[in-house]
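A.B. asks: Now for the letters of each chain:
Protein chains: 2
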Amino acid sequence: MAYLFLRLSLRPVSRLENILFPADLKRLSVDELSQLTRELKDFVLANTEVKAGHISSSLTVAELTVALHFVLNTPQDKLFWDVGHQAYIHKILTGRNKAFSTNRMKEGLSGFPNSSESEYDLFTTGHSSTSISAIIGLAVASRLSGESRNHVAVIGDGALTGGMAFEALNYLGESKEDVLIILNDNNSAIDANVGALANEKKYPAFFESLGLNYLGDCDGHNLAEIIPALQEALKIKGPKVLRVLTKRVEVETPQSALKGYTAEFVNTLRRLAETDERIVAISPAMLSGSGLNEFQKQFPNRCFDVGIAEQHAVTFAAGLAKGGKKPICHLYSTFSQRAIDQIIHDVALQNLPVVFLLDRAGLVGNDGATHHGVFDVALLSSIPNIEILAPASASELSVMLEWAVMQDFPVAIRYPRTGGAIPPDHNPRPLELHRMETILKGNEKLAVINFGFLLGEIEEALKDFEANPFVFNLRFAKRLSAVDLKTLSSFPNIWVIEDSQKRGGVGEYLAQQLFEIGYTGNFHHSGLPDEFVEHGTMQELYEQYGLTHIEFKNRFKKFLR
Amino acid sequence: MAYLFLRLSLRPVSRLENILFPADLKRLSVDELSQLTRELKDFVLANTEVKAGHISSSLTVAELTVALHFVLNTPQDKLFWDVGHQAYIHKILTGRNKAFSTNRMKEGLSGFPNSSESEYDLFTTGHSSTSISAIIGLAVASRLSGESRNHVAVIGDGALTGGMAFEALNYLGESKEDVLIILNDNNSAIDANVGALANEKKYPAFFESLGLNYLGDCDGHNLAEIIPALQEALKIKGPKVLRVLTKRVEVETPQSALKGYTAEFVNTLRRLAETDERIVAISPAMLSGSGLNEFQKQFPNRCFDVGIAEQHAVTFAAGLAKGGKKPICHLYSTFSQRAIDQIIHDVALQNLPVVFLLDRAGLVGNDGATHHGVFDVALLSSIPNIEILAPASASELSVMLEWAVMQDFPVAIRYPRTGGAIPPDHNPRPLELHRMETILKGNEKLAVINFGFLLGEIEEALKDFEANPFVFNLRFAKRLSAVDLKTLSSFPNIWVIEDSQKRGGVGEYLAQQLFEIGYTGNFHHSGLPDEFVEHGTMQELYEQYGLTHIEFKNRFKKFLR
Chain F
1 MAYLFLRLSL
11 RPVSRLENIL
21 FPADLKRLSV
31 DELSQLTREL
41 KDFVLANTEV
51 KAGHISSSLT
61 VAELTVALHF
71 VLNTPQDKLF
81 WDVGHQAYIH
91 KILTGRNKAF
101 STNRMKEGLS
111 GFPNSSESEY
121 DLFTTGHSST
131 SISAIIGLAV
141 ASRLSGESRN
151 HVAVIGDGAL
161 TGGMAFEALN
171 YLGESKEDVL
181 IILNDNNSAI
191 DANVGALANE
201 KKYPAFFESL
211 GLNYLGDCDG
221 HNLAEIIPAL
231 QEALKIKGPK
241 VLRVLTKRVE
251 VETPQSALKG
261 YTAEFVNTLR
271 RLAETDERIV
281 AISPAMLSGS
291 GLNEFQKQFP
301 NRCFDVGIAE
311 QHAVTFAAGL
321 AKGGKKPICH
331 LYSTFSQRAI
341 DQIIHDVALQ
351 NLPVVFLLDR
361 AGLVGNDGAT
371 HHGVFDVALL
381 SSIPNIEILA
391 PASASELSVM
401 LEWAVMQDFP
411 VAIRYPRTGG
421 AIPPDHNPRP
431 LELHRMETIL
441 KGNEKLAVIN
451 FGFLLGEIEE
461 ALKDFEANPF
471 VFNLRFAKRL
481 SAVDLKTLSS
491 FPNIWVIEDS
501 QKRGGVGEYL
511 AQQLFEIGYT
521 GNFHHSGLPD
531 EFVEHGTMQE
541 LYEQYGLTHI
551 EFKNRFKKFL
561 R
Chain B
1 MAYLFLRLSL
11 RPVSRLENIL
21 FPADLKRLSV
31 DELSQLTREL
41 KDFVLANTEV
51 KAGHISSSLT
61 VAELTVALHF
71 VLNTPQDKLF
81 WDVGHQAYIH
91 KILTGRNKAF
101 STNRMKEGLS
111 GFPNSSESEY
121 DLFTTGHSST
131 SISAIIGLAV
141 ASRLSGESRN
151 HVAVIGDGAL
161 TGGMAFEALN
171 YLGESKEDVL
181 IILNDNNSAI
191 DANVGALANE
201 KKYPAFFESL
211 GLNYLGDCDG
221 HNLAEIIPAL
231 QEALKIKGPK
241 VLRVLTKRVE
251 VETPQSALKG
261 YTAEFVNTLR
271 RLAETDERIV
281 AISPAMLSGS
291 GLNEFQKQFP
301 NRCFDVGIAE
311 QHAVTFAAGL
321 AKGGKKPICH
331 LYSTFSQRAI
341 DQIIHDVALQ
351 NLPVVFLLDR
361 AGLVGNDGAT
371 HHGVFDVALL
381 SSIPNIEILA
391 PASASELSVM
401 LEWAVMQDFP
411 VAIRYPRTGG
421 AIPPDHNPRP
431 LELHRMETIL
441 KGNEKLAVIN
451 FGFLLGEIEE
461 ALKDFEANPF
471 VFNLRFAKRL
481 SAVDLKTLSS
491 FPNIWVIEDS
501 QKRGGVGEYL
511 AQQLFEIGYT
521 GNFHHSGLPD
531 EFVEHGTMQE
541 LYEQYGLTHI
551 EFKNRFKKFL
561 R
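Those sequence lines, one after another, are chains F and B. Start counting the first sequence at 1; every next residue gets the next number (our numbering). Start counting the second sequence at 1; every next residue gets the next number (our numbering).
Do not take every clue at face value.
It does not matter which identical chain is meant; a pair holds if it fits inside one copy or across any two.
To be verified - Here are the simulated lysine-lysine pairs, DSS-like style, with alpha carbons at most 25 Å apart:
(1) 201 to 240
(2) 240 to 106
(3) 202 to 240
(4) 176 to 202
If you are wondering where the hints come from, they were derived from the structure by calculation, not from laboratory data.
Let the hints inform the model, and build the full structure from the sequences given.
C.D. replies: So, in structure tokens, the structure goes:
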């Protein structure tokens, strides 16, 4: 981080403390803006925990952010940051300087743009490739209302590979709305960028083929280039694209060994792939997050990073399965929402043996509302032919993966990154289709049914009781065998605990099934309520919703005394 | 249809009866193939009910289909028809000549490719833009297995606007798999095509910017051009694109006046839009199917056809809402599956007042498994902030739309095209949030809860009974007020009837809610089972699943005697 030292020697006077809102930038010279940019970078580095992805992304667009807020008149002008992982400096410049040290903490600033946090954040975002559609909508609204303002979307070359960005560009090229698209080209998605467009760098031809006015490139680290380029671009009416060349600011990150669920996934997959040549793996831009980079080292020809393109990832996997392969399609639970139709139409309807690994399921913690993997069970459970599994422990993920690759139908396994704070004592038995696992035999007054990774919390809650309830591990979200339903119906109290949305979750299914066989006992259901969950540590959030041993213990007291 | 007459005079000898499989084409000359193509067109016209879309699409690619099956060695070579609405002649040439008159009938041929029907149909399809991803998957599988074969996807210029097609092209341009993409360019989606790429016709620059080998154009109605072009194209290794220019064969369709639910939707929308300037309408390529072409005539500046681009449609609507408009986003229920993440991330999370009209909900009839709108309730119910409504009658759609545009949160209204065979006797009362409507007061032994358009069947089933049950119209899928839940809990028998998947539907939700308040009566639940439903008339299919008055009557007998 050479500029840290550079800064000390050049530093004339601190600008940052005088900059509270974009209006404060207007009176600065380009040199002063450059100085400010350096201060902003230092400030971000000094005030964030080390989490490379977002810091790097924000530092990389430091000059672009300053230039945009210098040139534009936000929030009257509309500025949309695609994904929003690069918005730290935008936040600092728009009234959140002082609050920035609370970044990503519970009750503190969100790590992403958040419309409830500031009127300068148009949307609460976190998923990629949405900015162009949204800014066109805003531009049309302004036009229809006769309001004159600028509309700018900033999108990285990584996010540009997402299909909806193309849908929007193709529409914009025809509709000719007055929108400026800034392509932040640092040849990077989350991992190194993928796709011909990024590699062949034929952006001018690409944008022009879509009827867009391509304005050329400018140096994204030189304010003396960016500012006039933006000013000129905004004078041109209609849709136009300015490409800003940036060099990704690398921030050192500790390379940690694989652990927990990720380690179980990758190690099991490697072991299985050694003896089954049909196994191939697919990831949309998450090779390192998934752990699949380890798989890739061993099987370079059988590992496919398709870039940010979840829809393609799923249907590509379907094609591979149709061709006789055993595709392992790894998706973050939250991003699998992008490919629901492909899972229905291209995988489940064909009944193809694709195994989906839905990582980062449940509450993910500090990434917040856009990233929690809490809808997957509800979204997938109505789809025929597919089975949806959730391990109660990292070792069960291994058992489930082994089972899944042997099936001739689609299987989805949802699992968290790290698991809960308290790992369960769990030696998973082999899987049987639609059968639950008995974890603990005990007091016949209560059956606790666990679905997901809160088993450790349940076990912890039971520690001080002499009598235990029966504890079952549901395993299969979509169906429970008649014999297991009958077993459950013999308990006067049933308590279902799941780590995601109650609405559409396994509890509702079990309630309906138990009713259908005439159950008349008490039915309790714990899970997440019908609301978007903000950011905080995983532990803080599960505590907030009563899904830790503390609350479980209180409930057990009532049942077990 | 001039060629009908032409054919009679030129006809040398019938070829079609001797052609059972593609191998039978190989011995024919180009002239004979041309003659055969004419016969095929006549055969299609003679053997299909008038349904313009699919007949036109199939006739338009008649020559291309014959040429592909002449040049390729299917099913060893892999041929993927995008969407599949153009596959009639493909079906006739691949062993289904005799069965073709059963097209789209229950137990007969599917109107789309269907992999359980023939090994020549790679996938069961119906949704657009999937072919490129799937064919790349098949090509990679062949390569890894060391199997040499051709891989061809045929995609129309309309389907090319769908984002996942772009994701696949961008991936293909980098991965360089040996795949031939045929762009069937007739400048048409379902309605006239939309998007800059289609209008500016800059296909060469577009494909080349993505690293694909663009082979130029050929006349899609001239076998003497298509056959050598295909043969040459297949000799070239790697990814390549051949553009086949076709002129859409128009088949006369009776223009019928709007009726039923469609008429209620459009007429109400027009009325509301006259007094509320904020109302705008968005459709992805379904202006005529939705009835919105009538709205467009009256409000040309407030109606947006975005082409086949459901993701963009939803996020564009979100932008419009953020800009102060009241967007009405019309989607076919089955195609809304493409935009689940956009509904979650770009609309519901922002709590924007977008009104979704989910048309063709429930079983749609002859279009079959790919088109039934039976997953929408399950897919949307776990999403916070949004309300999901279903009218029991066409007139209730009007009441619901009027209510929806007044809210400041997102609302989805799912409704069928025509309604059931028996329209209900229903004068809908004004809506109250989370309140059900009492349709019929009667015998306190049973409460029937209707969700969706089967109310007419319920009423019909009750005609011969002296005592009625109570009949309630649920209206809101996501939540029922505590007071209404209490009302329900006083009935010893509750029977929920919904016209879509039971799994994830309103029945499961009500079961769980009733359990939570200690209900111990009998709970019954009718809806669709956990399986994909094939094609047939709506009436045949609902009958098959026991969702008509006939089966309802049998059940009422048990309850009401």
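A.B. asks: Against this structure, judge whether each hint is valid.
C.D. replies: Status of the hints after comparison with the structure:
{"no.": "1", "hint": "201 to 240", "result": "both (18 Å within a copy, 19 Å between copies)"}
{"no.": "2", "hint": "240 to 106", "result": "neither (39 Å within a copy, 51 Å between copies)"}
{"no.": "3", "hint": "202 to 240", "result": "both (16 Å within a copy, 17 Å between copies)"}
{"no.": "4", "hint": "176 to 202", "result": "both (22 Å within a copy, 16 Å between copies)"}
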